[in-house]
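Colleague: Take a look at the letters that make up each chain.
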Amino acid sequence: MSETVTLTIDGKKYTAERGRTVLQVATDNGIRIPTLCHNEAIEPYGACRLCVVEVTRGSRTRIVTSCLYPVEEGLIVQTASDRVIRNRKMLLDLLLARCSENEVIKNLAAEYGVTQPSFRQEYWEKNDCIVCGLCVRACEQVVGVSAISLVNRGISKEPAPPFLEKATDCIGCGSCYYVCPTHAIKMEDKNGVRRIHNWKVEFKLKKCSKCGIYWAPEAQLEYIRRKADLPVGFFDICPNCR
Amino acid sequence: METLSVYVPKLVTNKEYIASGHRACSGCGEVLALRYVCKALGRNTIISNATGCMEIISSPLPETAWEVSWIHTLFENAAAVASGIESGLKALKRKHGYIKDVKVVAMGGDGATADIGLQALSGALERGHDFIYVCFDNEAYMNTGIQRSSETPFGASTTTAPSGKVSMGQHTWKKNMAAIAAAHNIPYVATSCSSYPFDIMYKIEKARKVKGPSYIHILSVCPTGWRCPSSDTIKMGRLAVETGVFPLYEIENGEYKMNFDYPKLRPVEDYLTAQGRFRHLTKEQIAEIQQKVIVEYEKIKMLSSRKKGK
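Protein sequences, first through last, are from chains A and B. If you read the first sequence in our numbering, its first letter stands for residue 1, the second for the next number, and so on. If you read the second sequence in our numbering, its first letter stands for residue 1001, the second for the next number, and so on.
This is chain A alone, in the form it adopts within the complex (with noise of 0.2 Å):
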């Protein structure tokens, strides 16, 4: 049996589980923390900081990562108190000022009213990826490959594959493409051929033998008949001729 806890948040009394994150509380409940690094299979990084709140325990009141707090007995928690827009509203600033025509970053900077960044414009960057590192932590801790990691520090740290050349371990399986909150990772499947630019990995797609569809990545087949010690051949067809 679960201990449950009582926190006010914006000013409602919720109960939640021991051990649960208070944004997991909030949204569980419909109130909205913006958010780019947080992913539920993925364990809690806090590496953009928008998903800031602020909590009041006993007399002291601070800035906090929602995804990395857990609930307490007592809690007060603000989501959209002025301090709380203040400091979002900075977080965008400097984020669209690295990422300045990235769609996502745009639009949820533009929720909160920026629309270009404060700085001067020679700063400003076209970059996409903000190295929340979503990718790189789902490709160790959901596919359990570790293909790429953050590399370098400071301004020029980026996920990146090993001594930035091929990800020779990468197997294709496009994890990172589809958990990159801002679309930073450019990934195509053309003419039977699955290309990840951002890793300078290529990845021949595997073809039915019977109705001749391309359907998973062969690196990516492999790998998990190995692990499954499935016969060879054994995906030599799809899911659906099976």
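It is worth saying that the hints were derived from the structure and are not from the lab. Model, not experiment: these values are computed from the prediction. Some hints here could point you the wrong way.
Subject to a maximum C-alpha distance of 27 Å in a straight line, what follows is the list of computed DSS-like cross-link-like pairs (lysine-lysine) [what the hints assert, rightly or not]:
1. Lys-126(A) <-> Lys-157(A)
2. Lys-186(A) <-> Lys-1090(B)
3. Lys-1015(B) <-> Lys-12(A)
With the hints as your guide, set chain B onto chain A.
Modeller: Showing chain B alone in chain A's frame:
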């Protein structure tokens, strides 16, 4: 999108907004599609649900399977109720500073959409309400016992269009609802199928972001009415798409885009012979269907190859 199997599904939210324990038949493709639709919509949604399978199976008094705000409407007025809710929300925002981003969704089966509710739907699309209309098309009135609707395909046997000595079952072609919706010049129209979860979620997420009306037509496999084994639900949906019987495409501001383009279509025979409702069809009738399918498929392909401004 659909080649993202095995690992990517783990990244999809595991929150359910339609609870298990509902009364749908085993192998129901419609409730499967509904589940994906709700996953993609998220919690801040108000659903106006017309009478039909999805309403009956989810809400036998005093129980409910819904974990989002939900209202049951009559067959004919799902879209009308949705437009009322949307206007109500607008007034709340204007007068009382309500700030939540709530999407209004109307849903109904093919009967509630293409037959009985068409007038209300047309009105709501024309007035430009900010809502999504989702049609779960299982190709007949399945809930009341497989009566024909205007979405029943040519040649299918139903209880009110039975096959026999004098009739070959449904003798009219399936009504093209996506084209009717697109004719209202709405921002987003799409077709999807219950066997393509990523496709459904992608299209619903896209529709959620659209300001204005959008229409999603989802072919939902019904093993009970289609007379096929309930274990073949996914296969049947995939066959419908791969044979070209039900192509998946989007119409964004009038611009067609084919989502699944196969270099070679499967013969429709694969799809028809797998279902009991088509088992009476003769070789000639199958050939007739094949011809029509190719013509329709090519039409959409032609439209999607045409770029804007040309």
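Colleague: Does each hint hold? Answer for all of them.
Modeller: Do the hints match the structure? See the list:
Annotation: proposed proximity of Lys-126(A) to Lys-157(A) holds, straight-line Cα distance about 16 Å (limit 27 Å). A C-alpha spacing of about 38 Å is found between Lys-186(A) and Lys-1090(B), which places the hinted pair above 27 Å, so the restraint is violated. With a CA separation close to 23 Å, the supplied pair Lys-1015(B) and Lys-12(A) stays within the 27 Å bound.
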